[in-house]
Amino acid sequence: MSSSSGAGRPSSAWVASASVEEGTVASRKEKTRLPFKQRLPRQKKQRTWFQGLFVLGTNSYLAGFLQGKIYQGPLKNACLPGLNCYSCPGSLGSCPLGALQGSISNPNQQISFYVLGFLTLVGGLVGRAVCGWACPFGLIQDWLHKIPTPKWKPEQKELLHKLLLQLKYLLLLFFVVLLPFLPTISGQYGDVYFCKYICPSGTLLAGIPLLAVNEQLRALAGWLFSWKGLLLFIFLSLSVQISRPFCRYVCPLGAIYGFFNRISLYRVRVDHAACTSCGNCTRQCPMAVTVPFDPNTAECIRCGECAAVCPTHAIQVGFGPLNEVEAKHVDQSGETA
Numbered sequence: 001m002s003s004s005s006g007a008g009r010p011s012s013a014w015v016a017s018a019s020v021e022e023g024t025v026a027s028r029k030e031k032t033r034l035p036f037k038q039r040l041p042r043q044k045k046q047r048t049w050f051q052g053l054f055v056l057g058t059n060s061y062l063a064g065f066l067q068g069k070i071y072q073g074p075l076k077n078a079c080l081p082g083l084n085c086y087s088c089p090g091s092l093g094s095c096p097l098g099a100l101q102g103s104i105s106n107p108n109q110q111i112s113f114y115v116l117g118f119l120t121l122v123g124g125l126v127g128r129a130v131c132g133w134a135c136p137f138g139l140i141q142d143w144l145h146k147i148p149t150p151k152w153k154p155e156q157k158e159l160l161h162k163l164l165l166q167l168k169y170l171l172l173l174f175f176v177v178l179l180p181f182l183p184t185i186s187g188q189y190g191d192v193y194f195c196k197y198i199c200p201s202g203t204l205l206a207g208i209p210l211l212a213v214n215e216q217l218r219a220l221a222g223w224l225f226s227w228k229g230l231l232l233f234i235f236l237s238l239s240v241q242i243s244r245p246f247c248r249y250v251c252p253l254g255a256i257y258g259f260f261n262r263i264s265l266y267r268v269r270v271d272h273a274a275c276t277s278c279g280n281c282t283r284q285c286p287m288a289v290t291v292p293f294d295p296n297t298a299e300c301i302r303c304g305e306c307a308a309v310c311p312t313h314a315i316q317v318g319f320g321p322l323n324e325v326e327a328k329h330v331d332q333s334g335e336t337a
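Numbering (our numbering), first residue to last: 1 to 337.
FYI, nobody ran anything at the bench for these hints, they're computed from the structure.
Be aware that a few hints might be false.
No more than 27 Å apart at the CA atoms, straight line, and that leaves these computed lysine-lysine pairs for DSS-like [to be verified]:
hint, residue 1, residue 2
1, K151, K45
2, K45, K196
3, K146, K44
4, K153, K44
5, K146, K162
6, K151, K162
7, K37, K196
8, K76, K196
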């Protein structure tokens with residue numbers, strides 16, 4: 001005797017009906033999706049708008065640019081998520097990397113739990129999405145890379161690429177932690193070494209605007225400003241040919257957020273059953289991530305370009321569970337795989 005449901009309907013009929021309904025829902029979803037070739041331009045446009053509005057909103061103290069002065073209001077005590085220099089005349093907040101160095105370099109102050117808590121909170125929520133969506137220097141690199149010139153992909157030199165990827169961790173260890181901390185052992189003040197000697201974002205967003213309108217500061221500018229101006233020129237020039245060279249290889253703040261990428265709530269999920277191994281995602285990735293094999297590596301900035309170029313919608317970027325598989329599948333026998 002064949003098994004039947006409560007209405008006397010064969011179970012095979014229920015499976016067939018469910019399959020038809022599932023196919024109908026999938027068909028409706030497919031109709032609402034943009035054509036494949038339209039998704040990437042739209043995604044890039046949306047992200048550029050978000051980046052631009054965020055940077056303008058957090059650097060909206062116009063009087064600072066006109067007067068050559070730094071905003072000192074109550075908002076300045078709060079950290080902004082990206083590499084937004086404290087000394088930028090328009091900045092309404094502080095750079096967490098600079099704040100971290102400042103607390104480490106002060107012999108009379110314990111390390112700031114506010115800064116550590118801020119970095120942990122932001123990192124745990126979105127990981128390096130900050131780099132892809134909210135960092136002003138990341139936006140500038142994206143703009144420069146759009147200039148139509150021959151491009152260079154360092155990842156094609158695998159050994160060189162892997163060695164360069166470690167540079168940002170060395171800079172984090174020495175310029176952000178050890179060098180600011182060591183003088184405090186003898187009761188002396190350290191310095192914000194990365195901000196002072198390396199950070200190109202500070203030179204572009206703070207040093208140049210301040211010197212442009214403040215004659216007294218121009219008179220004080222010496223070898224250090226020339227050195228940082230040279231570094232800025234190098235990074236901006238490289239950005240034309242290499243996608244986000246500073247973010248990839250140098251930025252200690254990106255290194256910190258990268259520690260959270262594998263556990264952050266905002267993440268990349270790959271449906272391996274739907275993946276056709278076409279390679280579109282890896283070729284498109286501005287950070288040279290091999291998306292199907294390691295989607296939540298410390299290098300991923302959650303920009304979403306991989307999902308935009310996936311022809312089978314196998315990649316999703318957003319808030320979700322910590323597993324890297326987007327959805328379960330039903331095989332031909334009707335059982336969940």
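Verification of the supplied hints:
1. K151 to K45: holds, 21 Å
2. K45 to K196: violated, 34 Å
3. K146 to K44: holds, 11 Å
4. K153 to K44: holds, 20 Å
5. K146 to K162: With a Cα-Cα distance of about 25 Å, the restraint between K146 and K162 holds, given a limit of 27 Å.
6. K151 to K162: holds, 19 Å
7. K37 to K196: violated, 44 Å
8. K76 to K196: holds, 19 Å
Hint compliance for this structure: hints 2, 7 are not met, and every other hint is.
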